[in-house]
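Trainee: One line per chain: the protein sequences are A and B, in this order.
Under our numbering, think of the first position of the first sequence as 943, with each following residue one higher.
Under our numbering, think of the first position of the second sequence as 943, with each following residue one higher.
What the hints contain is simulated information worked out from the structure, not anything from laboratory work.
Among the hints, a few may not be true.
Since the list can't tell identical chains apart, any single copy or any two copies may satisfy a pair.
Computed cross-link-like contacts, DSS-like style, restricted to lysine-lysine with a CA-CA straight-line distance of at most 27 Å [stated by the list, open to error]:
| # | residue 1 | residue 2 |
| --- | --- | --- |
| 1 | Lys965 | Lys1551 |
| 2 | Lys1460 | Lys1157 |
| 3 | Lys1551 | Lys1500 |
| 4 | Lys1161 | Lys1460 |
| 5 | Lys956 | Lys1219 |
| 6 | Lys1090 | Lys983 |
| 7 | Lys1219 | Lys1500 |
| 8 | Lys1533 | Lys1500 |
| 9 | Lys1514 | Lys1551 |
| 10 | Lys1533 | Lys1551 |
| 11 | Lys1460 | Lys1155 |
| 12 | Lys1240 | Lys1161 |
| 13 | Lys965 | Lys1460 |
| 14 | Lys1071 | Lys1054 |
| 15 | Lys1155 | Lys1514 |
| 16 | Lys1095 | Lys1071 |
| 17 | Lys1240 | Lys1157 |
Protein chains: 2
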Amino acid sequence: MEAKVLKVDLTKNKIEEEIIPEKDYRRYLGGSALASFYLLKELEPGTAPLSPDNILVFASNVLSGVSVPGITRYTVASKSPLTGGFGEAEAGGWWGPELKKAGYVAIVIYGKADELQYLWIQDNKVELKSARHLKGKTTGELEKIIRKEFNDKNIKIAQTGPAGEKMVRYACVLNNAKHANGRSGMGAVMGSKNLRAIAVRGTGEIFVDNEEKIKEIRKWYHSNWKDINYNFFEYGTPGAVENLNESGILPTRNFQLGTFEFASDISGSEMNKSLLKEREGCYACPIRCKRVVESSGKYRVDPYYGGPEYETIGSLGSNCGVGDLEAISKGNELCNKYGLDTISTGVAISFAMECYERGILSRQDTDGLELNFGNGEAMVEMIRKIALREGIGDILAEGVFRAAEEFGSEAKDYAMHIKGQEIPMHDPRGKTGVGLGYGISPTGADHIETPHDPSFSDEGWVMDIAATLGIYETLDPLDLSSQKVRLFSYLQKVYNLYNTIGVCNFSAWPQGLLSPDKLVELTRAVTGWNISLWELIKAGEKANTMARCFNIREGFEKEDDMLPARLFEPLKDGPLKGQDIDRDRFIEAIKEYYKMEGWDENGVPLREKLEELELEWVDI
Amino acid sequence: MEAKVLKVDLTKNKIEEEIIPEKDYRRYLGGSALASFYLLKELEPGTAPLSPDNILVFASNVLSGVSVPGITRYTVASKSPLTGGFGEAEAGGWWGPELKKAGYVAIVIYGKADELQYLWIQDNKVELKSARHLKGKTTGELEKIIRKEFNDKNIKIAQTGPAGEKMVRYACVLNNAKHANGRSGMGAVMGSKNLRAIAVRGTGEIFVDNEEKIKEIRKWYHSNWKDINYNFFEYGTPGAVENLNESGILPTRNFQLGTFEFASDISGSEMNKSLLKEREGCYACPIRCKRVVESSGKYRVDPYYGGPEYETIGSLGSNCGVGDLEAISKGNELCNKYGLDTISTGVAISFAMECYERGILSRQDTDGLELNFGNGEAMVEMIRKIALREGIGDILAEGVFRAAEEFGSEAKDYAMHIKGQEIPMHDPRGKTGVGLGYGISPTGADHIETPHDPSFSDEGWVMDIAATLGIYETLDPLDLSSQKVRLFSYLQKVYNLYNTIGVCNFSAWPQGLLSPDKLVELTRAVTGWNISLWELIKAGEKANTMARCFNIREGFEKEDDMLPARLFEPLKDGPLKGQDIDRDRFIEAIKEYYKMEGWDENGVPLREKLEELELEWVDI
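This is chain A alone, in the form it adopts within the complex:
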């Protein structure tokens, strides 16, 4: 069971196929690990992220395309223009499976096209085509045009948008204009290469070793998801808004607070009552957790772009002080239309709002906008300005880390980023493991690189997974003992596995729809390999270690594994008022983590650890 990879050189207009031998396919599996493999092998350290020399990898995986729910995610990875380090982002949807059906597990993009282009893959027919006519088009427009060109509405398109063309540093990649490879600025890299989209039509069969077993797993999933995960169909990720608010860790007004007075107005249940038009899902998945919202009111929200996830409601909503779900939905529409990561976008705006309220920015600086917390119209307008790099939007398009340099030294205190990437919508003061994850994540603050911690609001699923790994005593969300470090270390491997074999966290989490056991069964049934949980978890560890090595090559140091000062201050409100993270203990915990991983005291993986993971070829 070997795999094919497309290698596309935009500078030379050259397309080649590379075969991954079965042994390497089993070693790297896809997604995060496979993408890291190419980045470590082929990218020269020190390369400027937005230069033609950067490499951009689209990596599906060994499972994707098989008709089982929860395994559709694929990775886009590159050197990140936000962090200057390892960048990756995962997305579900339909594109990953389509690529597999076309016969490829991954695409590696090199160089830069002279003019805007897109890549067209029709099974084994692959060509670069001019995208001159697509320049500046919204993501939705682009999809319609390409599908019309080929008269095939089943074409799946991964693209960056106008924001990517403008190299907004947190431009994202989207498929079906709503499933985002959100973080790390992968859309900016795509834009820097003059590659607007990759359109795929795949009609091939997906190889499966044991069709009977696959049928059995699929049937089991379809029979059981309603009992296990109905809430997720009912409310989607927005269901988390009220839970996090009640726990006191819903980021509010640029992380100044942990509760939001309008939380119920922007909640999942409110969405169901007001804007929800329908529910959509990913390839092969019955849960349909994705929201589709519509409004013909003040903001005219276009359902083509889906609806806001929890992270988007947090970043454009509570974190900007905006309690208007319609404004948030419009903001979501614009982010998807222009190709912006909603998290970084929201945090960039909330940062500007805080600067405005503190007098660091004047109304002149904001091009006349009253950029107060809670101003939904200003929030929506700012998204447009960022995407098109207009006025202050041009500065915020650089991300809060660089914008703060522009705004002056006081502003730096309000720039909520780690390693240059804006912080997602989980305040770590109420779940310390998330704090470790934010600090350690190779991509900077990133909830997809960060396993969930046992939290006050979860339903025990974190500890369900942990118990399979031998951690069966529930740890307090506020605990930052060495046992929390251990829990984090184990779960992180599992999360990195998900990012490698494309498992949807929402399928894997709740009471075991895709439990560790099921993942072993599934991987065996698909591949025929006698793969075990041990090997799978080690693959997750491998992915994380490769990303770490990438950053070390780029000069990252242990000091980069740090939270912004604000998160060490006590929470100011809500049930966790007064709760902080002890900075000394945090630093010590990070060091403990290094040692647990087989890294040295500076966070550099030992040669022996690399050998254990068969990464002896990695040069750090």
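Fit chain B to the known structure of chain A by using the hints.
Mentor: Chain B alone, transformed into the frame defined by chain A:
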């Protein structure tokens, strides 16, 4: 699912029960890990091994007693009088399951009885009884007497023999007078405590969570073992003699050679033709790999004591240059009768033979015996002298390390031991992973602490297990690369797991009778815990780490993880003639292993590794 432990203080004549809470039972599981738990918690570092202050642990495990083949082994552990470090030895047979049926998972023995005693356990009735009438009796005699006393031939007896009473440093513990906890001198510790035997009659039910699943596994095993492992029934471990001879690594004449000219005369097939009377097995096992031999010829071999295993044939046979299977069988009978470890006994005799041939020992020193290699009669007589500490036997009873001190400095070159324990019958020059194992094993040279390496003669089963763990490229037996270190490190965890949950290597090895998958199924079915392969392998790692910590507390250093000089010299004969182990590379490989394990450069586990394994309470 909690467990009960008997705590028996011989000094105070006090017997207590201790409950292990379910969480700790799951953490330590039994065997090696559970015994280490007690030794680390309760034994003062620096205690003299043969003093009343030493502690002796008999530890069955969470699986034992369930009517499934291959899970009967139990551990005897203590501070070893051979090495002064961690001592443990496993035995199959019938005693472990019987203890479980009596309601106990383990027994911890403290102090020293005034006079020889034995412990009598009849379900929950436990008492210390005088063994005055058993003093000096052979193991067989003792069994008959006790069974007659209670008129119950189903009583299972673990005992040391006359050699244990005399504190021969490598006296063993035996059950049914033929299943030996052979290594580490556990019988000497038992003798030092004036405890001759532990007789058990258990009639209780063994708790099982999922009886249906257990039935299914049992049925599967019974239906499949013949296809998978018939050779083992047919030839038992003696089947290995010819394989190892053909590979050139059958220890011969005190490890001077790797082939033996009379190998076929002492082989498994020869045994079948000549001395084999019947085949016997362990509790619940259909394979019956144990040999029972009989002879009314020159040596009159009593079938009560079973027959020689491969290790015994190597140590008393080829390694003493003895090509007479009847003499070897007699030697085996005597070792079992007196309670001597056959490996250490054979190596002690071969050591004396080499000293004799080299003129270090005179005929006067040997009490008139012509102690040449190949003298079967002298070998047999030496066993008796060692067991009863007669003449030169009294010196050899101390083990080769101490005997060499007696015999003078030249003799030290011929003392084939590691950490004070004699080397088993696998020459590591033809399988380097075994060399690593010998060096690293916490008990000194020990084939039960040492995973098999891919060898020239195996049938791929080592790589079968390795492949489950993600190592699926077969490594050469002579390879000592970092990938061999990794293979060793992974397999060692598996072996330590076997020593912890009582898995018989011969059931686990060949093509998966008790494959890693089956072990997970089985452990889940027995316990009802959602335990995974990850947790099981981590339990193996935990056991090994605890033993390492024990040794560190006792002052062991990295220099102790070393092979004797002879094993670094080129092999002198056979297909591997000229093959050596490169000493520098070996030392480097050991260091690589330390780092892979999360130990420091001196082989001391990092605090963070202890935390990961929930061993933060261990004080090193």
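Trainee: Against each hint, give a clear statement of whether it holds in the structure.
Mentor: Hint by hint, here is what the structure shows:
1. Taking the shortest alpha-carbon separations for lysine 965 and lysine 1551, only the intra-copy value of 20 Å comes in at or below 27 Å, while the best inter-copy value is 30 Å.
2. Taking the shortest Cα distances, lysine 1460 and lysine 1157 sit within 27 Å of each other both inside one copy (13 Å) and across copies (23 Å).
3. Within a single copy, lysine 1551 and lysine 1500 get their C-alpha atoms as close as 18 Å, and across copies as close as 20 Å, so both meet the 27 Å cut-off.
4. Proximity of lysine 1161 to lysine 1460 under the C-alpha cut-off of 27 Å is found in both arrangements, the shortest distances being 13 Å within a copy and 25 Å between copies.
5. Taking CA atoms no more than 27 Å apart as the test, lysine 956 paired with lysine 1219 passes in neither setting, with 44 Å inside one copy and 76 Å between copies.
6. For a Cα distance limit of 27 Å, the shortest separation of lysine 1090 from lysine 983 qualifies neither inside one copy, at 39 Å, nor across copies, at 74 Å.
7. In this assembly of identical chains, lysine 1219 and lysine 1500 lie within 27 Å of each other by CA distance neither inside one copy nor across copies; the values are 47 Å within and 68 Å between.
8. Taking the shortest Cα distances, lysine 1533 and lysine 1500 sit within 27 Å of each other both inside one copy (9 Å) and across copies (25 Å).
9. In the homo-oligomer, the alpha carbons of lysine 1514 and lysine 1551 never lie at most 27 Å apart, since the shortest distance is 42 Å inside one protomer and 37 Å across protomers.
10. Taking CA atoms no more than 27 Å apart as the test, lysine 1533 paired with lysine 1551 passes in both settings, with 16 Å inside one copy and 12 Å between copies.
11. In this assembly of identical chains, lysine 1460 and lysine 1155 lie within 27 Å of each other by CA distance both inside one copy and across copies; the values are 11 Å within and 18 Å between.
12. In the homo-oligomer, the alpha carbons of lysine 1240 and lysine 1161 never lie at most 27 Å apart, since the shortest distance is 44 Å inside one protomer and 70 Å across protomers.
13. In this assembly of identical chains, lysine 965 and lysine 1460 lie within 27 Å of each other by CA distance both inside one copy and across copies; the values are 23 Å within and 25 Å between.
14. Taking the shortest Cα distances, lysine 1071 and lysine 1054 sit within 27 Å of each other inside one copy (14 Å), while across copies they are farther apart (88 Å).
15. When the C-alpha separation of lysine 1155 and lysine 1514 is checked against a cutoff of 27 Å, the pair qualifies neither within a copy, at 52 Å, nor between copies, at 54 Å.
16. In this assembly of identical chains, the alpha carbons of lysine 1095 and lysine 1071 lie at most 27 Å apart only when taken from the same copy (18 Å versus 87 Å across copies).
17. For the homomeric pair lysine 1240 and lysine 1157, neither the shortest alpha-carbon distance inside one copy (47 Å) nor that between copies (68 Å) is at most 27 Å.
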